[in-house]
Amino acid sequence: MRRKIVITEKLIEHLSWLARIRLTEEEKRDFIKDLNRVLEFFNEIDEVNVKNIEPTTHTALLTNVLRDDVPRESLPLEKVLRNASEKEKEYFKAPKIL
Amino acid sequence: MPKHIYELEALELIKNIKEGNLRVYEVVEEFLERIEKVETKINAFITLRDREEILREAKEKDEILRQGQAKGILFGLPIAVKDNISTENIRTTCGSKMLYNYVPPYDATVIKLLKREGAIILGKTNMDEFAMGSSTETSFFGPTRNPWDLSRVPGGSSGGSAAALASGEAPLALGSDTGGSVRAPASFTATVGLKPTYGLVSRYGLIAYANSLEQIGPMGRSVQDTALLLNVIAKYDPNDATSLNVKRPNYLASTYNVNDLHRKVRVALVKEMFEEGVSKDVALIVKNVVNKLVSEGFLVDEISIPIIKYALPAYYIIAMSEASSNLARYDGIRYGFRAKISGDWNEVFSETRKEGFGKEVKRRIIMGTFTLSAGYFDQYYLKALKVRTLIIREFKNAFRKYNILISPTMPTPPFKIGEKIKDPLAMYMSDVETVVANIVGIPAISLPAGFVSDNLPVGIQLMADHLREDLLFSIAAFIEKLTGLRNLIAKI
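Order-wise, the sequence lines are chains F and P. Under this note's numbering, the residue at position 38 of the first sequence is numbered 38, and the numbers go up by one with no gaps. For this note's numbering, add 1000 to where a residue sits in the second sequence, where the first one is 1.
Any given hint could turn out to be false.
[Claimed, not checked] With a cut-off of at most 30 Å between alpha-carbon atoms, the simulated DSBU-like pairs for lysine-lysine come out as follows:
{"#": "1", "chain 1": "F", "residue 1": "Lys93", "chain 2": "P", "residue 2": "Lys1354"}
{"#": "2", "chain 1": "P", "residue 1": "Lys1115", "chain 2": "P", "residue 2": "Lys1059"}
{"#": "3", "chain 1": "F", "residue 1": "Lys96", "chain 2": "P", "residue 2": "Lys1354"}
{"#": "4", "chain 1": "F", "residue 1": "Lys4", "chain 2": "P", "residue 2": "Lys1359"}
[To be verified] Chain F residues, not near chain P, derived (Cβ > 10 Å throughout):
{"#": "5", "residue": "Glu9"}
{"#": "6", "residue": "Lys10"}
{"#": "7", "residue": "Glu25"}
{"#": "8", "residue": "Arg29"}
{"#": "9", "residue": "Pro71"}
{"#": "10", "residue": "Glu88"}
{"#": "11", "residue": "Lys89"}
{"#": "12", "residue": "Glu90"}
Worth flagging that the hints you see were computed from the coordinates, not collected in a lab. Glycine included, each C-beta is placed from N, C-alpha and C at the ideal position.
Given only the sequences and the hints, what does the whole structure look like? Please build it.
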């Protein structure tokens, strides 16, 4: 049986943290409204009986594509670093983690 | 009166260049002039290449031609490319502030193939941000306008590519289609667009939105031009693990293969796709085309696939889930926008994504985060994947009996700019006819079926079984002959 799920401010804040997207107060309010409607729309699939049905993750008509593990030329460092907003020597510069 | 160069179909341009009737330089120059004239009204491009650089390339091509060294089936042809396909040294933004300054260090496989065949890239076309939209209104760079009615949307998310074709700014274009993003704008602009079988065209270098659903697709103003472009881009590519290593037929040849089709091809209308939410005008126009097929001797049945009702919610659950995972890469560290704040990793990461993403992208990431999160995964994401299995099963069943399934491409004619953008669900509903082909992984094409009130285009969608693009092109070419709706350019 399906549980009745409601997207609350607390849940939006949790999702915003998981997704690492800070939301403004206005966005939070809008998203609670929007996402509860979207959820209702998602709930339509509750009606479908999927007992003993396997999930399909892709339709590529392929399984287990393997290749030989051969080293290949990679992009030159200069090109790789070109788009970084901050860099130092041969490295991307990231904010502190600890 | 002779046509303007920009009014010629891609195949005509290529032929005239090859035979020496037109120089590459004058062709390219005319398209640049056309762009200059109409682009301020249309906003089809996010980035145009430097004029001098393009003209230099054209001159070089003329010189190669003069020396008899011209190679490639698109030799000298200008082409527009959707801005989520990586182009080396040409800015690629995905219609987002997040990538407003991103210049890819490599070419997507399809771009390599275009260059190998001698095409000249004009620029990168406008799109919904990260391809998330059906109207090209969510672009950070402003909406694209429909050349047939500037107050209306061109469809999306490949709206820039379609509008460039319908306004004569480019003779051929690339789009991408995750849930209808090539076909919707084709329908809304009276052009032709194909979503290929999943795995037919390499996704290497296509910036991911929902990778189990999307394909790069060819767009043109005629069925033949579209087939020609598929010939160029449909190649096996070891750089894409989902690329199919199968023999590809000559799709352009399929467009000539129209004799006795009514004896070989079994056609069905899908009942549900003409009902709920489909405007009467649209259903009528598409059925008129079907009646023409009947007059030509086709036996057309009507079939019911009730599970199609669940395709749209299943699609959005899968697409948003994949999006939330794919777009986790935008951290502002290696490329793209980075918020100017100091703080630890999580603070900078969260602020970068707050400022860098637009509202619809945030909405989808948050929703996808929800459907993938502990406690909800089984009920939404996993269940949607199972519904997907059932939908595939039903369609495979249908294809045992029928070769082509017909429906409208869009449930309505082009809508007004601003009409649906404030109501996400209303916008999602406009994908009701197109998402099923992505869920099943089958090819689908949209071509013009007619117009509502003289200037609002309506498209007809044909779907076929996996890898039967050849059949789609044969029937589409036949329908194009019946309707006479080919190479249409809007008066602007």
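Hints and how they fare:
Distance hint between lysine 93 of chain F and lysine 1354 of chain P is fulfilled; the C-alpha atoms sit about 20 Å from each other, no more than 30 Å. Under the criterion of a C-alpha separation no larger than 30 Å, the hint pairing lysine 1115 of chain P with lysine 1059 of chain P is consistent with the structure, at around 15 Å. For the hint pairing lysine 96 of chain F with lysine 1354 of chain P, the CA-to-CA distance comes to about 19 Å; that is within 30 Å, so the pair holds. The hinted pair formed by lysine 4 of chain F and lysine 1359 of chain P meets the criterion: a straight-line CA distance of about 26 Å does not exceed 30 Å.
No beta-carbon of chain P comes within 10 Å of the beta-carbon of glutamate 9 of chain F; the shortest separation is about 13 Å. Annotated as non-interface, lysine 10 of chain F keeps its C-beta farther than 10 Å from every C-beta of chain P; the closest such distance is 13 Å. Every CB of chain P is more than 10 Å from the CB of glutamate 25 of chain F (nearest about 12 Å), matching its label as outside the interface. Residue-level check passed: arginine 29 of chain F sits 13 Å from the nearest beta carbon of chain P, beyond 10 Å.
Against chain P, the non-interface label of proline 71 of chain F holds: every CB pair exceeds 10 Å, the least being about 15 Å. The non-interface label for glutamate 88 of chain F is consistent with chain P: the shortest C-beta to C-beta separation is roughly 12 Å, beyond 10 Å. A cut-off of 10 Å between C-beta atoms confirms that lysine 89 of chain F is not in contact with chain P; the least separation is 15 Å. At roughly 13 Å, the least C-beta separation between glutamate 90 of chain F and chain P is larger than 10 Å, which holds for a residue marked as non-interface.
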